[in-house]
Amino acid sequence: MKIPATLTVNGVPYPVELEPGTSLLAAVRDVVGLTGAKEGCDDSECGACMMLLDGRPVNSCSYLALQAEGSEVTTVEGLADGDQLSPLQTAFLEHGGVQCGFCTPGMLISATALLADCPAPSADEVGIALSGNLCRCTGYAGIVKAVLAVSRGTAD
Amino acid sequence: MSATAQFVTATTVEEALAAEETFHGKGAGPVPESPPAPAEGCVGRLGLESFHAPQLIAHAAHVRVDRETGVVRVLRVAAVHDCGRILNRVGADGQVYGGVVMGIGQALSEGTQLDGLGRQRNPHLLDYKLVTASDAPEIAIDWVETDTPNAGPKGSKGVGEPPCVPTAGAIANAIAKVVGNRVRQLPMTPERVWEAQQG
Amino acid sequence: MSATAQFATASTVEEALAALAAGARPVAGGTDLVVGARQGKAPLPDALVAIHRVSELHAIDGDADALHLGALVTHAEIAAHPDVRARFTALADASAIVGSHATRAQGTIGGNLMNASPAMEAGGPLICLGATVTLRSTGGTRDMTVEELLTGPGATVASNDELLIAVDLPHPAPGTGSAYVRLEYRRQMEIAVVGATAVVTLADGEVSQARVGITALAPTIRRVPAAEEVLTSAPDEASVEAAARAAAAASVPISDLRASERYRRAMAEVIARRAIEIALVRARGGDVPIPASAVGQ
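Chains as they are written, first to last, in numbering that gives the first Met the number 0: chain Y, 0 to 155; chain H, 0 to 198; chain G, 0 to 296.
No lab work stands behind these hints, which were simulated from the structure alone.
For lysine-lysine, the following DSBU-like pairs were computed, each having C-alpha atoms within a straight-line distance of at most 35 Å: (1) Y:Lys1 - Y:Lys37; (2) G:Lys40 - Y:Lys1; (3) Y:Lys37 - G:Lys40.
Chain Y residues, not near chain G, derived (Cβ > 10 Å throughout): (4) Val11; (5) Arg28; (6) Val31; (7) Leu78; (8) Ser121.
We put the beta carbon where it would ideally sit given N, CA and C, even for glycine.
Build out the structure end to end from the sequences listed, making use of the hints.
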């Protein structure tokens with residue numbers, strides 16, 4: 000039985016009708032149509048689905064979409080300003096933080112949450128914060144460099 | 000394609016066994032002469048000339064072993080590769096960072112565990128443990144760009160596979176140095192390192 | 000995926016309790032309930048009441064006697080709270096290492112307790128710090144210790160219509176130091192292979208009170224009175240080691256895909272000793288950064 004609700008994603012309200020068991024990931028990808036967040040493990044172990052819920056990181060595969068009504072959901076699509084990439088996105092590209100790109104939306108969201116909470120993290124703090132986002136390609140080196148560059152204001 | 004089409008580039012195993020000569024694949028240039036293959040029953044050999052331009056790799060690992068628990072932390076890895084001419088430094092470095100971290104996972108925490116019926120006991124990422132960002136060490140990279148005959152276009156050689164090859168060996172050697180005994184099974188989990196210490 | 004037929008969101012405790020009385024099950028952060036459903040462990044309940052909007056359950060406050068944590072307080076909030084870090088350090092040690100930063104941002108102390116895992120990080124600290132919980136239903140309210148709440152793996156004394164409302168932690172006596180240490184293969188995204196908690200109070204250099212707990216070493220997280228008795232004397236190396244041995248002796252570890260029984264038993268002693276040592280350092284006013292698990296590993 001579908002329940003009507005409004006999901007506010009990247010500042011835009013979307014009227015939806017969802018089965019109660021629908022995850023926030025499924026709702027955003029399949030109903031709202033924003034496919035930046037990825038399904039990796041579907042059980043909160045890889046972070047590919049990470050979004051922000053009122054600015055705080057959430058593994059959207061394991062969060063019921065209906066519970067997000069009344070909150071601000073931020074996805075990777077909400078980081079850029081039109082065609083202007085965010086400093087983190089630019090830094091990821093410049094520092095080798097992207098290879099296959101599958102972890103990238105989750106990593107950007109996770110890093111955004113970190114820098115909002117802790118604007119000048121140490122490399123270790125960056126590593127701790129990003130530990131919920133698995134990456135097989137990059138060994139995390141380029142990603143951590145990118146986040147540190149942004150936090151130190153040395154990225155564009 | 001009709002059901003009766005002939006696949007002229009295919010050969011059957013029977014035909015290959017009966018062939019006088021071994022056959023070679025072909026890469027970007029003329030195929031060099033291969034030494035004779037003594038292996039009996041060998042059906043054929045695929046000789047790509049890039050196989051005659053191997054990569055040379057050396058990894059060094061600095062590890063810390065918690066002697067009481069067997070937990071190993073990799074503090075730093077140095078990785079030097081000869082992969083011929085590097086065409087894209089960011090891309091090539093990226094392969095090494097990723098490969099080394101995969102090698103650390105192979106060395107210390109990644110392992111498919113099977114039960115008696117061949118089913119995976121650890122099908123979840125909680126228990127098939129990839130290295131995360133908080134356990135990835137500093138990795139120092141350098142390239143030795145030699146001019147290797149039979150290398151690929153512009154003198155480049157393969158970069159994707161080599162970086163995850165020697166890391167586990169370097170870590171195993173480092174652990175053996177600390178513990179005084181070798182762990183001979185991957186992954187070298189804390190329990191296995193601890194067992195090796197018990198003698 | 001799920002046959003959940005009913006879903007409602009409660010704005011007040013009363014609305015939540017009425018829904019529970021009608022047969023709904025509560026969901027807050029979903030970091031156990033929804034994850035478990037995704038993994039196929041247990042389907043989502045037929046009727047759910049989301050309680051994450053019940054603002055009165057989100058308070059961290061307290062008075063001169065105790066720190067009061069509403070059930071919806073998250074692990075991230077607990078680990079960052081200055082009062083928790085200063086006075087209930089073992090709880091900060093634990094909350095700081097639950098899952099990943101996303102788990103900590105959404106996972107609540109109430110959900111963590113009601114999930115009742117024998118490996119939950121916060122259980123040992125809550126028990127050893129003397130925490131009590133408040134359960135409420137439409138029929139009334141009752142308080143109990145965390146030890147009384149947790150009865151077995153995944154099991155509590157709560158009936159289906161009861162909601163965990165709050166956790167209260169009595170302020171420890173001056174001179175108290177505490178620590179929670181887990182054996183971890185990775186620094187994050189981990190579950191305790193074994194864990195140990197120690198809360199010690201020093202008066203004139205002597206241990207006036209000790210609490211020692213073991214985690215992931217028995218069907219429930221539990222205190223080890225034998226270890227506590229050994230420590231209630233001069234806290235020298237020999238007594239610390241004896242307490243650690245007592246903690247290991249009280250363990251009933253299992254062999255599973257993460258570790259063998261033999262290794263777990265040996266590690267129980269090592270980890271218990273470390274927790275006690277760090278608690279003593281902190282009781283003497285020394286600084287050991289949170290999380291204590293990072294020390295030495």
